[in-house]
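> The lines below spell out each chain.
Protein chains: 2
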Amino acid sequence: MDIKTKIKTTDIHIHQLAEIVGGPRAILYHKEDLIAYDCDGFTLHKHLPKAVVFPKDTEEVAKLVKYCSENNLPFLARGAGTGLSGGAIPINGEVIISLVRMKKLISVDLENRRAVVEPGFVNLKLTNSISDKGYYYAPDPSSQYCCTIGGNVAENAGGAHCLKYGVTTNHILGLEVVLPNGEIIEVGKNGILDEPGYDLLGLLTGSEGTLGIVTKITVRILKNPEGKQTVLAYFDKVEDGSKAVSDIISAGIVPAALEMMDKVAIEGVEAAAFPVGHPKDIDAVLLIEVDGIAAGIDEQINQILDVCRKCNVREVRAAKDEKERERWWANRKTGFGAMGAISPDYLVQDGVIPRSKLPEVLQRIQQISEKYGLRIANIFHAGDGNLHPLVLFDARIPGETEKALLAGSECLKVCADVGGTITGEHGVGIEKREEMRFVFNDEEIIAQTNIREVFNPDNLLNAGKLFPTPGRCVEIKKEMKEAALKA
Amino acid sequence: MDIKTKIKTTDIHIHQLAEIVGGPRAILYHKEDLIAYDCDGFTLHKHLPKAVVFPKDTEEVAKLVKYCSENNLPFLARGAGTGLSGGAIPINGEVIISLVRMKKLISVDLENRRAVVEPGFVNLKLTNSISDKGYYYAPDPSSQYCCTIGGNVAENAGGAHCLKYGVTTNHILGLEVVLPNGEIIEVGKNGILDEPGYDLLGLLTGSEGTLGIVTKITVRILKNPEGKQTVLAYFDKVEDGSKAVSDIISAGIVPAALEMMDKVAIEGVEAAAFPVGHPKDIDAVLLIEVDGIAAGIDEQINQILDVCRKCNVREVRAAKDEKERERWWANRKTGFGAMGAISPDYLVQDGVIPRSKLPEVLQRIQQISEKYGLRIANIFHAGDGNLHPLVLFDARIPGETEKALLAGSECLKVCADVGGTITGEHGVGIEKREEMRFVFNDEEIIAQTNIREVFNPDNLLNAGKLFPTPGRCVEIKKEMKEAALKA
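Residue numbers (the UniProt record's numbering), protein chains in the order written: chain A, 1 to 487; chain B, 1 to 487.
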């Protein structure tokens with residue numbers, strides 16, 4: 001039986017797309033199969049794709065992109081679908097180009113500290129593949145056991161250890177990219193960081209799948225630190241915990257991670273799979289990790305214990321062994337999901353603020369919580385001011401989903417107002433499009449959409465993401481063009 | 001006497017430009033004044049500007065830019081003019097917008113580790129302004145005592161301490177930019193690193209003055225390391241020195257700096273202002289600095305001494321005091337200029353290679369030296385593979401300048417061939433335009449010039465820099481446009 005007779009639809013595009021990827025086993029087009037692709041980690045919007053195709057290499061991706069472009073079919077790329085802002089949701093009935101079959105570790109060059117992977121390669125697998133030789137890949141989003149490095153590049157993903165090691169863009173040395181016209185380009189070709197010309201590597205990283213589809217990635221790998229140690233500190237008052245965060249940084253220590261959870265978050269993580277016995281009557285727990293040269297670790301840990309004590313800590317201590325350290329981290333890293341133990345639904349937000357504004361912002365988030373009558377848990381990367389307010393709600397109660405969205409948006413407004421921004425690591429996607437106006441004026445948004453037009457002139461690739469829905473921006477642009485034509 | 005009568009030319013543009021900057025004291029237009037602006041640190045091409053204007057604030061810059069755009073006058077921005085690739089040379093008779101009057105330190109926010117400066121603020125002054133409080137600004141190009149931070153942003157300048165601390169782009173948190181149409185935008189507004197939307201901050205940093213004029217810069221400042229120590233190591237063979245570089249990094253140490261000089265370079269620095277008594281019969285000297293938590297320094301220094309001994313070092317030792325450490329650095333940091341003591345002229349090149357290719361590349365550079373009969377000194381950031389071959393020549397000998405240029409270009413070809421690139425920190429400017437073809441194909445160059453067109457559609461701002469002179473690229477682009485129109 002040939003491909004044609006195996007494809008059970010009269011839609012000619014489905015036949016052609018199947019042809020490109022080598023047959024019916026590499027395409028989904030029945031509604032019951034497509035439902036699994038109607039959203040990503042942001043579950044509040046759902047849309048069915050036209051089809052999902054599974055190319056096996058760059059050439060197939062390029063052919064798919066060319067076919068979609070020539071036939072005016074909207075399309076987008078998808079990794080593991082763990083994104084939290086809706087970047088991979090096919091809101092225009094896109095053809096989804098799934099990269100999960102392109103999951104090879106292509107090469108590892110320990111001497112020059114690089115590895116080359118396909119986009120569907122899972123984040124944690126990289127560290128697992130090189131840890132026996134004493135190396136690791138630094139960016140560690142909480143979903144790292146299943147999210148793909150391709151998706152990490154699209155979203156410029158962060159993780160608990162960003163404070164010291166930076167976000168994904170700081171670890172990407174080169175990309176092979178299929179442009180929306182089907183052309184294949186390489187940027188940062190040789191894995192040399194400081195390439196001449198414009199920084200396309202930085203531009204493409206974090207562009208949320210709107211400028212091209214990444215098909216090969218050269219990443220920086222790091223030598224395992226000689227030692228690491230983690231401290232847990234309980235504070236009766238959020239203000240004291242926040243002060244400890246500032247004072248640790250002021251002391252010149254750059255912890256590998258500096259995490260905070262508030263009282264509601266503690267209730268959640270203690271009710272879920274990895275409880276560690278946090279007291280329930282405290283306002284804040286800090287998890288502080290330092291790593292580096294072994295000889296320096298103890299000194300830094302002692303300094304941290306000192307700072308915490310000066311900030312009225314109730315209890316503070318270093319992990320007694322590796323097992324305890326790992327348990328503390330499991331408790332923290334499964335924190336978002338743990339909210340499911342105390343609430344039917346939750347919406348995770350992702351704002352950034354200057355560290356010094358922490359107490360003020362947490363107070364204002366509390367006010368938003370009271371205003372909407374919804375509990376808000378805070379689990380966050382305190383060291384770099386990256387907040388994750390988790391708005392707890394019950395979607396079965398009419399109007400509560402909308403309330404949660406409004407409360408989440410207000411939290412971001414607070415972040416923007418104190419001199420911060422609306423996303424630290426989850427991206428804008430469809431979730432925070434309108435909130436882009438909190439931080440960019442029309443001219444600044446136009447400067448960005450103009451760049452999108454260069455790469456993606458027909459806007460067939462992942463349209464409607466990242467920027468506010470058309471409105472005043474489009475008018476201004478039209479006026480500018482008319483003025484230019486007149487001149 | 002009003003402005004009009006004070007301006008001694010009938011050129012209406014000069015009168016209008018003078019009007020914008022508040023009078024004749026803020027404009028130069030006589031040939032004898034303009035000669036000082038006919039080149040920058042790259043002295044092999046000289047062109048007179050039409051005029052040099054000295055705006056005092058962003059508004060004046062925006063007005064100047066608008067005036068030039070509306071009157072079809074080519075223009076470019078200039079800082080201290082220390083650039084080494086000719087990025088500030090007015091090859092089209094540009095109006096030079098000098099930013100040296102915009103030299104304020106606007107604010108310092110120690111708590112959130114940021115400072116805001118005007119573009120004409122001198123690099124080293126920033127560290128000098130905050131060092132008493134225990135902070136510093138990391139990027140340290142050798143010209144830091146006079147180069148401006150605006151120029152550093154344009155060129156994405158590096159320095160000896162890039163290995164651990166990264167280049168300028170890793171320290172820029174926000175920019176205010178006047179676009180070529182006179183619009184003012186802010187990117188990375190609040191000094192938050194991971195801004196939503198496209199990474200315009202990264203795109204503008206290192207764009208060599210072709211996308212806009214930076215008028216305000218938010219930089220990251222760092223806490224002084226608790227301790228630092230420097231080691232000097234002499235090797236009889238370059239191979240042994242190179243192996244020590246690789247082995248130090250492989251040991252998991254990230255030195256703050258890891259510099260190398262070869263025999264010819266040693267001859268130069270020992271003949272110049274800061275000799276330190278390097279033996280003249282060795283092939284390589286390494287300067288290795290570590291910094292960080294005091295408790296870790298000694299351990300690292302001991303590891304480094306060990307590695308060097310295992311690599312057949314002739315002599316190795318740590319600096320006995322701060323004075324000796326400073327003297328070693330003065331010897332290294334004035335290395336380029338020191339070549340003047342052994343050669344009437346020199347051309348500095350700036351390639352990057354994977355660390356593991358060091359011995360091979362140095363050998364091939366030696367062959368190039370023999371081929372052209374010109375001595376080549378090598379002073380370089382060995383830790384990050386950033387080579388600076390210095391081609392020594394005598395411009396008074398007919399044909400020798402051309403030979404030096406060819407030899408320099410061949411050195412870059414070698415770097416590209418071994419999987420490296422053509423500039424690490426000096427930029428492309430006019431010097432390395434054609435060498436861009438060593439690392440980018442036509443499609444990749446077009447992807448970049450398309451971006452320039454978005455920002456700089458009339459190409460009045462710093463035209464003819466950074467990309468190869470038109471040719472095949474332009475043809476391809478025309479063909480693509482025609483094909484698009486037909487489709």
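In short, the hints are calculated from the structure, not lab data. It is possible that some hints are incorrect.
No copy is singled out in the list; a pair is fine if it fits within one copy or between any two copies.
In silico DSSO-like cross-links for lysine-lysine, where the CA-CA straight-line distance does not exceed 30 Å [unchecked claim]:
1. Lys228 to Lys323
2. Lys164 to Lys125
3. Lys133 to Lys310
4. Lys413 to Lys216
5. Lys310 to Lys237
6. Lys237 to Lys56
7. Lys243 to Lys133
8. Lys8 to Lys413
9. Lys403 to Lys263
10. Lys56 to Lys125
11. Lys413 to Lys320
12. Lys357 to Lys237
13. Lys323 to Lys223
> Run every hint past the structure and note whether it holds.
Hints, verified against the model:
1. Lys228 to Lys323: Answer is within; shortest intra-copy Cα gap is 13 Å, inter-copy 34 Å.
2. Lys164 to Lys125: For lysine 164 and lysine 125, the Cα distance is within 30 Å both inside one copy (22 Å) and across copies (26 Å).
3. Lys133 to Lys310: Close across copies (22 Å), not inside one copy (41 Å); limit 30 Å.
4. Lys413 to Lys216: between (37 Å within a copy, 25 Å between copies)
5. Lys310 to Lys237: Close inside one copy (13 Å), not across copies (54 Å); limit 30 Å.
6. Lys237 to Lys56: neither (53 Å within a copy, 48 Å between copies)
7. Lys243 to Lys133: Between copies, since 20 Å is at most 30 Å while 39 Å is not.
8. Lys8 to Lys413: neither (49 Å within a copy, 55 Å between copies)
9. Lys403 to Lys263: Result: close within a single copy only, 22 Å intra versus 71 Å inter.
10. Lys56 to Lys125: For lysine 56 and lysine 125, the Cα distance is within 30 Å only inside one copy (19 Å; across copies 54 Å).
11. Lys413 to Lys320: neither (41 Å within a copy, 55 Å between copies)
12. Lys357 to Lys237: For lysine 357 and lysine 237, the Cα distance is within 30 Å only inside one copy (15 Å; across copies 55 Å).
13. Lys323 to Lys223: within (22 Å within a copy, 33 Å between copies)
Hint compliance for this structure: hints 6, 8, 11 are not met, and every other hint is.
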